[in-house]
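A.B. asks: Counting along the sequence shown from 1, when you hit position 621 you're at 620 in numbering that gives the first Met the number 0, and nothing is skipped either side.
For the record, the hints were derived by calculation from the structure and aren't laboratory data.
Glycine included, each C-beta is placed from N, C-alpha and C at the ideal position.
Any given hint could be a false lead.
As the list claims (entries may be wrong) - Listed next, the in silico EDC-like pairs over lysine to aspartate or glutamate satisfying Cα-Cα at most 16 angstroms (straight line): (1) K59 <-> D357; (2) K479 <-> D432; (3) K81 <-> E102; (4) K656 <-> D598; (5) K408 <-> D357; (6) K75 <-> E114; (7) K664 <-> D641; (8) K688 <-> D647; (9) K350 <-> D399; (10) K181 <-> E637; (11) K238 <-> D284; (12) K257 <-> E152; (13) K440 <-> E402; (14) K457 <-> E386; (15) K75 <-> D41; (16) K115 <-> E152.
Stated by the list, open to error - Simulated DEER-style distance windows between Cβ atoms: (17) K472 <-> R597: 34 to 42 angstroms; (18) Q585 <-> K472: 35 to 43 angstroms; (19) K277 <-> R405: 25 to 33 angstroms; (20) T689 <-> A401: 53 to 61 angstroms; (21) D217 <-> D686: 30 to 38 angstroms; (22) S28 <-> G363: 47 to 55 angstroms.
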Amino acid sequence: MNRITTLFLIAIVSIFLWQCSNSKETVVSSPNGRVTIQFKLDEAGQPSYAVAFDKKPVIKPSKMGFELLSQPAMAKGFEVSKAESSTFSETWEMQWGEQRLVENNYNQLVVTLVEKEAPKRSLIVHFKAYDDGIGFRYEFPKQDGVDSLFITEERTEFNLTGDHTAYWQPGDWDIYEHLYNKSKVSEIDALKKRNHPNLGQTYIPENAVNTPVTMKTDDGIYLSFHEANLTDYADMTLKVNTSDFSLVSNLVGSERTKYKVKRALPFNTPWRTIQISKTAGGLIDSKLIVNLNEPNKLGDISSWFQPMKYMGIWWEMHLGLSTWDYQGSQSMDTFAEGGKNGTATHGANTKNAKHYIDFAAANGIKGLLVEGWNTGWNHWIGFDEREGVFDFVTPYPDYDIAEVVRYGKEKGVEIIMHHETSSAPRTYEQQLDTAYNLMKKLGIHAVKTGYVGKILPKGEYHHGQWMVNHYRKVVEHAAKNKVAVNAHEPIKDTGIRRTYPNEISREGLRGQEFNAWASDGGNPPEHLSLVAFTRMLAGPIDFTPGVFELTLKPKPNNKVNTTLAHQLALYVVIYSPIQMACDLPQNYEGHPAFQFIRDVGVNWEQSITLDGEPGDFVIIAREERNTGNWFVGGITDENERDITINFDFLPEGKVFKAQFYEDGKQAHFEKNPGDYTIEIASIKKGDVKTFHLAAGGGVAISLMQ
């Protein structure tokens, strides 16, 4: 890890002091002047903001306020007591990420509001204007006679300038595993997405959307709404008013309390964010979300975590070839059906683990995830009372965990621990010390956590404040034990990986496993060309790419709706510092296309989105750190298309050995998904090449020096 070097400059540009009789309006613009935020108090003392891009409105005046338990709302009757403007510029280094160096440049406006009448409560609003968008958050300072606030609802509005095209999923309080939808804002109907048959938990109380939610205006401007630094607060969904094209914050709540957020004073809310771009690719390249988080609190973690590719005793369970539990009663088929007797064998046994380790070691893959290793799997499915079911230190009799770890180290393959909590977080918290002491003893430095099912205690939801705090507790506990966390069924990413770089990846979307067992036909071909412009804007995704046997022979009613070249391209398109080669070793053995998985990087010096359109296609190029090698991935939806790549992103004066992994002439995601070709050529800066992508297809390119 290189020493972090930063350029840090704070200059107070101006400080303005207002009395109630003075100006009630002020403006802050981004460093390049293209993004402008206008803050205003109306005659009733109601605060609002508006946003312009290239001098055209993108957010009309939008009100701001809070509803409180046992107190009057904080929404109007304010006057401005102080407003401060400043500018900030730095360059900071990601320990791992889509790019090594990140510019963090913004102009800031901090407005202090005080109520005109008693009790004269105060509210401070922080605005940051970036070239790629805006962020704002609320600060609640100490108040006389009040030590805590109980927020029943936050009322932050986002008033759109028109009926934009939206790429959205419903505002589910319990899961992010819905498919993304494309519609006009006026046509959003999240309530129709209730009671999905393939989701283990779901609750959609309002016509609201989860964030990130991405939109395209009629003028061709791309917007994405999200939040940053979600800390000790409830997840924000956005309630949709389809008649006037407005959104308003709708916090995830709890059935156990009359409030949605409880905080001791003073405190800050998460940042409310709007990314703005002239191109769809500009949203992907934006670093607004991580920039709005605090700097690294852990220091250099490279001695115990390095980005890597990994394999898993995982896909075979989804195919029904083996089970998670020792008795052999619960493959993915029986999981979906509530748990009935089956005949498949237990997957997490010592012999099988060594088989995967041997294959990984022979192919330069550095990690192995083993699911179903610990006791409890034969008890929890189908039961409401899951407290105390899982034991996070006791393996099943056929799995010698110490021997598997020893053998992996001998072969240069790290074991990734698996902790499925069955959404009983109190049980997990009770065992955190013993579970992580076992990892420390064995020298295991990465864990995949899981939260399948409804949260216990009843009345809590995956995305409420209670669970937000649980997820953070696990990350902090893991950091103390030098463990990196890959969370499944998680709270959404809001850039906390900058502050806690051991939060390496998470699921938080409809993953690859849906292809193996979902009754609705699996993920459609457009799925990941939507995900790249929505979910991926939040942060790294553990999607588990790399299926080669796409017809899923053990599951005749299921298949993967992509071509082989599309699966390869995902290693570049869908970012994560850990990337799974998810298929069975026998499906990779001797396969020429597996060379791309061997070669492709996982940690990047820089990333460039070359082209794309949400739900249609996307093309991304990434330069590997420390090697100078480049990799390119392009994917399309159900429509075949030609794409042209200009290799101007390559350095001057260097010739690269290129391997193009392309769809074959007969390739088609339904009719012939395995048809592909490999072409070898020399490529240099300035070269231009056109590729034909089949329906559901893709192209993967390695450019090696």
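A.B. asks: None of the hints should be skipped; say for each whether it holds.
C.D. replies: Here is how each hint holds up against the structure:
Of the supplied pair hints, the one linking K59 and D357 is violated, its CA atoms being roughly 59 angstroms apart against a limit of 16 angstroms. A hinted pair counts as satisfied when its Cα atoms are at most 16 angstroms apart, and K479 with D432 qualifies at roughly 11 angstroms. Between the alpha carbons of K81 and E102 the distance comes to roughly 29 angstroms, so the proposed pair goes past 16 angstroms and is violated. Proximity of K656 to D598 is assessed by CA-CA distance (about 12 angstroms); at most 16 angstroms being required, the pair is judged to hold.
Distance hint between K408 and D357 is fulfilled; the C-alpha atoms sit about 11 angstroms from each other, no more than 16 angstroms. Taking the CA atoms of K75 and E114, the gap is about 8 angstroms. The hint holds against a cut of 16 angstroms. For the suggested pair K664 and D641, the alpha carbons sit about 13 angstroms apart, so the restraint of at most 16 angstroms is met. Restraint check for K688 and D647: satisfied, since their Cα atoms lie roughly 11 angstroms apart, inside the 16 angstroms limit.
As the CA atoms of K350 and D399 are separated by approximately 9 angstroms, the hinted pair is consistent with the 16 angstroms bound. At most 16 angstroms may separate the alpha-carbon atoms for a hinted pair to count; K181 and E637 meet this at roughly 15 angstroms. Straight-line distance between C-alpha atoms of K238 and D284 comes to about 27 angstroms, which puts the hinted pair past the 16 angstroms bound. As the CA atoms of K257 and E152 are separated by approximately 10 angstroms, the hinted pair is consistent with the 16 angstroms bound.
Taking the CA atoms of K440 and E402, the gap is about 13 angstroms. The hint holds against a cut of 16 angstroms. For the suggested pair K457 and E386, the alpha carbons sit about 12 angstroms apart, so the restraint of at most 16 angstroms is met. Between K75 and D41 the CA atoms are separated by roughly 9 angstroms; this keeps the pair inside 16 angstroms, and the hint holds. Proposed proximity of K115 and E152 is contradicted: the alpha carbons are some 23 angstroms apart, above 16 angstroms.
For K472 and R597, the Cβ-Cβ distance of about 38 angstroms falls inside the hinted range of 34 to 42 angstroms, so the restraint holds. The hinted range of 35 to 43 angstroms is satisfied by Q585 and K472, whose Cβ atoms lie roughly 40 angstroms apart. A hinted range of 25 to 33 angstroms for the beta carbons of K277 and R405 is inconsistent with their spacing of about 55 angstroms. For T689 paired with A401, a C-beta distance near 54 angstroms keeps the hint of 53 to 61 angstroms intact.
Between D217 and D686 the CB atoms are about 36 angstroms apart, so this pair conforms to the stated range of 30 to 38 angstroms. At roughly 49 angstroms, the beta-carbon separation of S28 and G363 lies within the given 47 to 55 angstroms, and the hint holds.
The structure shown violates the earlier hints numbered 1, 3, 11, 16, 19.
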